[in-house]
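Participant: Sequence:
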Amino acid sequence: MIGFSQAAEQAGGKAVKLAGDIAALDREVRDRVVAFRRDRGLNPAVPRRDAVVWRILETLASDPVLTAKSVSERVAVSPAAAHRALTELAEAGVLGRTKDQRGRLVCWTADRHLALVAFTEPGHDTRGEDAAAHTPGWDAH
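Per the UniProt record's numbering, residue 1 is the first one in the sequence shown, and the count goes up by one each step.
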């Protein structure tokens, strides 16, 4: 019984840490989008509250692999609007692009969100290392 209790306590602690890490990453990603838009001179620099980019960002932790079709269906926008928002997030460095062997875009991925989950899996070190250090192409600022 003690082993189960310890395992449950450890799992609970990891879940709380993961939730905190995701919340911090979500804030960082939102700041990155605003900085990107400011640097590009896009108006408004802070998108409207109901903008497609925000609606995508709200679900990256639960849906870190995206297509224009999946976003279109999930947030009830046209595939073109979904594609524009995904492209903006990729250009801002929030999403990565995954292509097939012919160079065609297959999907977009929230690599830092995926890294957070990967580092909570059994066999990975979960002593608090920053997932950014393990995510290619992400330069934390």
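I should point out that these hints are in silico values taken from the structure, not numbers from a laboratory.
Be careful, since some hints might not be right.
What the hints assert, rightly or not - For each label pair, taking beta carbons as the anchor points, the in silico distance ranges come out as:
no.: 1; residue 1: R97; residue 2: V34; range: 38 to 48 Å
no.: 2; residue 1: A76; residue 2: A23; range: 40 to 50 Å
no.: 3; residue 1: G12; residue 2: T87; range: 36 to 46 Å
no.: 4; residue 1: D31; residue 2: R104; range: 48 to 58 Å
no.: 5; residue 1: F4; residue 2: A76; range: 16 to 26 Å
no.: 6; residue 1: N43; residue 2: V16; range: 31 to 41 Å
no.: 7; residue 1: V16; residue 2: A80; range: 32 to 42 Å
To be verified - Within a straight-line C-alpha distance of at most 25 Å, the following computed SDA-like cross-link-like pairs (lysine to any residue) qualify:
no.: 8; residue 1: K69; residue 2: G41
no.: 9; residue 1: K69; residue 2: R38
no.: 10; residue 1: K69; residue 2: R102
Glycine included, C-beta positions come from ideal geometry on N, C-alpha and C.
Participant: That 31 to 41 Å hint for N43 and V16 (C-beta), does it hold up?
Facilitator: Given a distance of about 39 Å, which is inside 31 to 41 Å, the answer is holds.
Participant: When you check the alpha-carbon spacing of K69 and G41, does it fall within 25 Å?
Facilitator: Distance ~28 Å between K69 and G41 Cα, so the pair is violated.
Participant: Are A76 and A23 spaced within 40 to 50 Å by their CB atoms?
Facilitator: 25 Å, violated
Participant: Given the hint that K69 pairs with R38, does the C-alpha gap stay at or below 25 Å?
Facilitator: Violated, because 28 Å separates the two Cα atoms, which is more than 25 Å.
Participant: Return holds or violated for the Cβ distance of D31 and R104 against the range 48 to 58 Å.
Facilitator: The hint (48 to 58 Å, Cβ to Cβ) is violated, given that D31 and R104 are roughly 32 Å apart.
Participant: Given the range 16 to 26 Å, decide if the beta-carbon distance of F4 to A76 lies inside it.
Facilitator: Violated, since F4 and A76 (Cβ atoms, about 44 Å apart) do not stay within the stated range.
Participant: Is it true that the C-beta distance of G12 to T87 lies inside 36 to 46 Å, as the hint says?
Facilitator: Holds, at about 39 Å.
Participant: Hint says 38 to 48 Å; check whether the CB-CB distance for R97 and V34 agrees.
Facilitator: 22 Å Cβ-Cβ, so the 38 to 48 Å window is violated.
Participant: Quick check: does the Cβ-Cβ distance between V16 and A80 fall within 32 to 42 Å?
Facilitator: With Cβ atoms ~40 Å apart, the hint holds.
Participant: Check whether the Cα positions of K69 and R102 lie no farther apart than 25 Å.
Facilitator: 20 Å, holds
Comparing the model with each earlier hint shows violations of hints 1, 2, 4, 5, 8, 9; every other hint is respected.
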